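One-letter residues, chain by chain:
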Amino acid sequence: MSSPEPYWYLASYPKSGNTWCRVFITELRRLAGLDSADATASAQQEEQALRLNRDLATGSIVSSRHWLDDQLGIDSSDLCWAELDKVRGRVGHQRALYAECLRYHKVHDAFTSPDSAGRPVVPTEGCRGAVVMIRHPADVAVSLGHFFSWELERCVAFLLNEEAALCRSSKRGGQQVRQFMGSWAHHGQSWVDQQQIPVLLLRYEDLLVQPEHHFRRLATFLDLPAEEPLIREAVANTRFDKLRAKEDAEGGFHERPEGCERFFRSGRSGEGREQLTAEQILQLEEAFSETLIRFGYALNPSVAA
Amino acid sequence: MTVSQAHYRAFELNWRSQGLAIPELPGCSLAALAGADPLIAIEPEEPDSWPQLEPGPHDTPFLRMARGDLRLTVDDIGRFRIKDGERIAWHRQHSGVSDQDICTFLLGSAVGALLIQRGILVLHGNALEKDGQAIVCMGHSGAGKSTLAYALMQQGWRLLADDLVAISPDGLVLPGIPRIKLWHDAAKAFDLDPVQLPPIRQGMHKYLLMGEAVQRATEAVPLQALYLIHQRRHDSPDPEASRITRITSQKAAALRLRNQAFRPRFVRGLGQEGLNFMALARLQSRVPLASLPLPAGIAAMQDWLEQQDLLQAVATAEGPAPAEQDAELVSA
Numbered sequence: 001m002s003s004p005e006p007y008w009y010l011a012s013y014p015k016s017g018n019t020w021c022r023v024f025i026t027e028l029r030r031l032a033g034l035d036s037a038d039a040t041a042s043a044q045q046e047e048q049a050l051r052l053n054r055d056l057a058t059g060s061i062v063s064s065r066h067w068l069d070d071q072l073g074i075d076s077s078d079l080c081w082a083e084l085d086k087v088r089g090r091v092g093h094q095r096a097l098y099a100e101c102l103r104y105h106k107v108h109d110a111f112t113s114p115d116s117a118g119r120p121v122v123p124t125e126g127c128r129g130a131v132v133m134i135r136h137p138a139d140v141a142v143s144l145g146h147f148f149s150w151e152l153e154r155c156v157a158f159l160l161n162e163e164a165a166l167c168r169s170s171k172r173g174g175q176q177v178r179q180f181m182g183s184w185a186h187h188g189q190s191w192v193d194q195q196q197i198p199v200l201l202l203r204y205e206d207l208l209v210q211p212e213h214h215f216r217r218l219a220t221f222l223d224l225p226a227e228e229p230l231i232r233e234a235v236a237n238t239r240f241d242k243l244r245a246k247e248d249a250e251g252g253f254h255e256r257p258e259g260c261e262r263f264f265r266s267g268r269s270g271e272g273r274e275q276l277t278a279e280q281i282l283q284l285e286e287a288f289s290e291t292l293i294r295f296g297y298a299l300n301p302s303v304a305a
Numbered sequence: 306m307t308v309s310q311a312h313y314r315a316f317e318l319n320w321r322s323q324g325l326a327i328p329e330l331p332g333c334s335l336a337a338l339a340g341a342d343p344l345i346a347i348e349p350e351e352p353d354s355w356p357q358l359e360p361g362p363h364d365t366p367f368l369r370m371a372r373g374d375l376r377l378t379v380d381d382i383g384r385f386r387i388k389d390g391e392r393i394a395w396h397r398q399h400s401g402v403s404d405q406d407i408c409t410f411l412l413g414s415a416v417g418a419l420l421i422q423r424g425i426l427v428l429h430g431n432a433l434e435k436d437g438q439a440i441v442c443m444g445h446s447g448a449g450k451s452t453l454a455y456a457l458m459q460q461g462w463r464l465l466a467d468d469l470v471a472i473s474p475d476g477l478v479l480p481g482i483p484r485i486k487l488w489h490d491a492a493k494a495f496d497l498d499p500v501q502l503p504p505i506r507q508g509m510h511k512y513l514l515m516g517e518a519v520q521r522a523t524e525a526v527p528l529q530a531l532y533l534i535h536q537r538r539h540d541s542p543d544p545e546a547s548r549i550t551r552i553t554s555q556k557a558a559a560l561r562l563r564n565q566a567f568r569p570r571f572v573r574g575l576g577q578e579g580l581n582f583m584a585l586a587r588l589q590s591r592v593p594l595a596s597l598p599l600p601a602g603i604a605a606m607q608d609w610l611e612q613q614d615l616l617q618a619v620a621t622a623e624g625p626a627p628a629e630q631d632a633e634l635v636s637a
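For the record, the sequence lines run as chains S and P.
Residue numbers for the first sequence follow my numbering, beginning at 1 and rising by one.
Residue numbers for the second sequence follow my numbering, beginning at 306 and rising by one.
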């Protein structure tokens, strides 16, 4: 049955800062001394600094088969995607199966899927809220391109695709189930407009400009310590250049896919405008104008008019 | 296809199924069942006749468990009750549910629950036999266990068990369910024609290899090595990443093995945790555990496997210092 333990979602379209937030949460918990005695002792033994590949354990991704199999009591790969989306929202929150710090679940699914019969594809019972991270779609396109080794044209088409999904093939296995996202705009709105759990909306661009202010909002939302000196230190320790240096020092970040040179690549905003063609930007802005305006992004004057 | 009654032999147990043919299980004549082994009953039953179970601490919306009694609901497909290690009752949710649908969940979950109720150690993986000795390959859903098993069968190994691996107290791997489930892409990569294969369920692109399509081992054999499979990265800068590595730390081995037990939730919910813990400890003291870094891609995997002697590799494999493996547990 559902556990009384609190849990939250870190919901985002891919390449929108989800991992950055998870790294920050891990570091904040470490600095605040919140994690288990074992984990803390072991970290102290080794070194005092944050290590990417070993310490980044904020909780399963919601699309993990390991979690679903445990909850459903069956092999989830014996169900088709449509059958799975109907039951995913009813599985219980993973009751501290491995460690107590695993309360923040990454999720790339849209809140509902065409197969979920209007119900959420994630469990909401006992959920304390969702941190919804968004990033300008033009920058997401560039980042997707590096991550998946895709041409920019394909990335733009993916963002616009109303049926887009991750792990959608029904012809091969994998450790995650299909995650329906729909278009970039649909994805963000599905989370922001749902009425079942509280939402904290964070823009990647704001995290870059005013990291202490916005990471503090994040900490407060997640019931984590949010004293200014603590936030300042956690922000300083998880700045992009530091993560990038750690990725080099540790010989690669394990969430980096095959063919992707580095996970923490640029972290900047504005790359989309530099690298996408004017036509591609126009395509995105026209298709997503309402959502872009709603989330506070400026449009080209021609589209705005 | 329905049958009034059929007999099967698997996990060194005799099974009698009523109203449901289970093509995945090795058949057996009634005369051959004359031995003293107990007979497990698989029967259809109306769930209305099942007594209520009090909610348990390990229940989920799909599972109700108490000592000796497990209820599993597979939405829109069926319900199962597994009782005292002796009986599996099943119920078809509606007439659109095929026998194959029932068999898929019955073999995957209900049989596993029944073995756990009998106090048998069940690992999640597959077991292969060569020269009268067995290896067990484990890994989470999607790690490539079935693909590996099929590749090994191409190299002369015989299949002992797939999905559920039952190990006797004296360290023998029992012959289990002799079938493999391969995804469409893996079947193609092995030059199999998916159109010719029965799907695990109607409309799914995952197929059953069984009967004459698999070479199976029929006798229980001693377990030589336990492998944890993981996909190796193409771009790993570390040549060590392609070596079979023995897990020498007792602590690391215990945790990894515990994570590979078949459905730990069933074990806890059925009150078998103590027994299971002892059985795992006994296994760990007896059989070496190593990581098996599979190269990506089926051709590369087959080439690499040909160079390995999986019966002996663990005995000669080196491992990092136990302290280093213990430190890795933070992220395990």
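Honestly, the hints are just simulated from the structure, not real lab data.
Please read these numbers as outputs of a predicted model, since none were measured by experiment.
Don't be surprised by glycine CBs; every beta carbon is placed ideally from N, CA and C.
Do not take every clue at face value.
Computed footprint of chain P on chain S, listed as stretches where at least three residues anywhere in the stretch have a Cβ under 8 angstroms from a Cβ of chain P [said to hold, decoys possible]:
id : segment
1  : 111–117
2  : 199–210
3  : 236–248
Here are some chain S residues the structure puts well away from chain P; computed CB gaps all over 12 angstroms [as the list claims (entries may be wrong)]:
id : residue
4  : Leu-31
5  : Ser-64
6  : Asp-75
7  : Ser-77
8  : Arg-103
9  : Glu-125
10 : Gly-129
11 : Arg-217
12 : Arg-265
13 : Arg-273
14 : Gly-296
Comparing the hints with the structure gives:
Counting residues of the segment 111–117 of chain S whose CB lies closer than 8 angstroms to any CB of chain P gives 0, which falls below the minimum of 3, so the coverage claim is violated. Here the segment 199–210 of chain S counts 0 residues with a CB under 8 angstroms from a CB of chain P, which misses the bar of 3, and the coverage is violated. Only residues whose C-beta sits within less than 8 angstroms of a C-beta in chain P count toward coverage, and the segment 236–248 of chain S has 0 of them, not enough to reach three; the restraint is violated. With a cut of 12 angstroms on Cβ distances, Leu-31 (chain S) stays outside the contact zone with chain P, its closest approach being about 16 angstroms.
Annotated as non-interface, Ser-64 (chain S) brings its C-beta within 12 angstroms of a C-beta of chain P; the closest such distance is 9 angstroms. The claim that Asp-75 (chain S) is not at the interface with chain P is violated, since a C-beta of that chain comes within 12 angstroms of its own (minimum 5 angstroms). Separation of Ser-77 (chain S) from chain P is inadequate, the least Cβ-Cβ distance of about 6 angstroms not exceeding the 12 angstroms criterion. Separation of Arg-103 (chain S) from chain P is adequate, the least Cβ-Cβ distance of about 17 angstroms exceeding the 12 angstroms criterion.
Non-interface status of Glu-125 (chain S) relative to chain P is broken: a Cβ of that chain comes within 12 angstroms, the nearest being about 9 angstroms off. Listed as a non-interface residue, Gly-129 (chain S) keeps its Cβ farther than 12 angstroms from every Cβ of chain P; the least gap is roughly 22 angstroms. No beta-carbon of chain P comes within 12 angstroms of the beta-carbon of Arg-217 (chain S); the shortest separation is about 28 angstroms. Listed as outside the interface, Arg-265 (chain S) is consistent with that label: its C-beta sits roughly 15 angstroms from the nearest C-beta of chain P, beyond the 12 angstroms cut-off.
With a least beta-carbon separation of about 30 angstroms from chain P, Arg-273 (chain S) lies farther than 12 angstroms from that chain, consistent with its non-interface assignment. Under the 12 angstroms C-beta cut-off, the non-interface status given to Gly-296 (chain S) relative to chain P holds; the minimum distance is some 37 angstroms.
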